[in-house]
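Asks: Protein chains in written order, with the working numbering: chain F, 394 to 507; chain R, 209 to 321.
Treat the hints as calculated values from the structure; they're not laboratory data.
Predicted, not measured: the structure shown is a model, and the values here were computed from it.
Please note: incorrect hints may appear among the correct ones.
[Stated by the list, open to error] DEER-style ranges, computed between Cβ atoms:
1. R249/R / I453/F: 24 to 30 Å
2. P405/F / N259/R: 42 to 48 Å
3. R317/R / I453/F: 21 to 27 Å
4. E252/R / S463/F: 26 to 32 Å
Glycine is no exception: its CB is placed at the ideal position from the N, C-alpha and C atoms.
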Amino acid sequence: AQSVTQLDSQVPVFEEAPVELRCNYSSSVSVYLFWYVQYPNQGLQLLLKYLSGSTLVKGINGFEAEFNKSQTSFHLRKPSVHISDTAEYFCAVRAAGSARQLTFGSGTQLTVLP
Amino acid sequence: DAGVIQSPRHEVTEMGQEVTLRCKPISGHDYLFWYRQTMMRGLELLIYFNNNVPIDDSGMPEDRFSAKMPNASFSTLKIQPSEPRDSAVYFCASSGGVGTEAFFGQGTRLTVV
């Protein structure tokens, strides 16, 4: 089984500042990793995913994440945030080679302040 | 494709009533998932289907909950009888298989009073 820990439940940051949202996972097998974003009263939307290959993954809206196998981490970063990035962000994991369910972290609320 | 479509978007019902949530997955996707989201427990998987067959229903909280997928384009999640603690946002998601992400619907916000 897999599990995901998102270390920060809330991250406030000023507009145009950089941000990092932390995600650590636990698994006895290789994994696929995902970041989703949820805007208020909306469903979850994929930001980016890591399946294999380059450990630096670029996604939509200027976000990127780096897979670190030795530290079992998949932190999400953006060099300069906008007010519109205010949302909840979820890290998720799935066993590699599987099409089964995603296991989600508890989420990080990113609030971008003017 | 219009994406995953859920109905209704909002449902308010009285305790003891039957509630049916509906989902139309993306055409061609052979996996369908039902998740529940609450403040206390976050996103929990309730059940998932592969090719219309339930694979894992270990997340279904109790016998009051049931889910069906009569064909590749439709699934239901039923709660009977409903209780206030069932109040949550219920999401349906579908995916196309290994290496593909899950695509989520907009969710159904259920309030049981």
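Asks: Decide, hint by hint, whether the structure agrees.
Replies: Each hint, compared with the structure:
About 28 Å separates the C-beta atoms of R249/R and I453/F, a value consistent with the hinted range of 24 to 30 Å. Evaluation of the 42 to 48 Å hint for P405/F and N259/R yields a pass: the beta carbon distance comes to about 45 Å. A C-beta distance of roughly 26 Å is found between R317/R and I453/F, which places it inside the suggested range of 21 to 27 Å. The hinted range of 26 to 32 Å is satisfied by E252/R and S463/F, whose Cβ atoms lie roughly 30 Å apart.
The earlier numbered hints are all upheld by this structure, with none contradicted.
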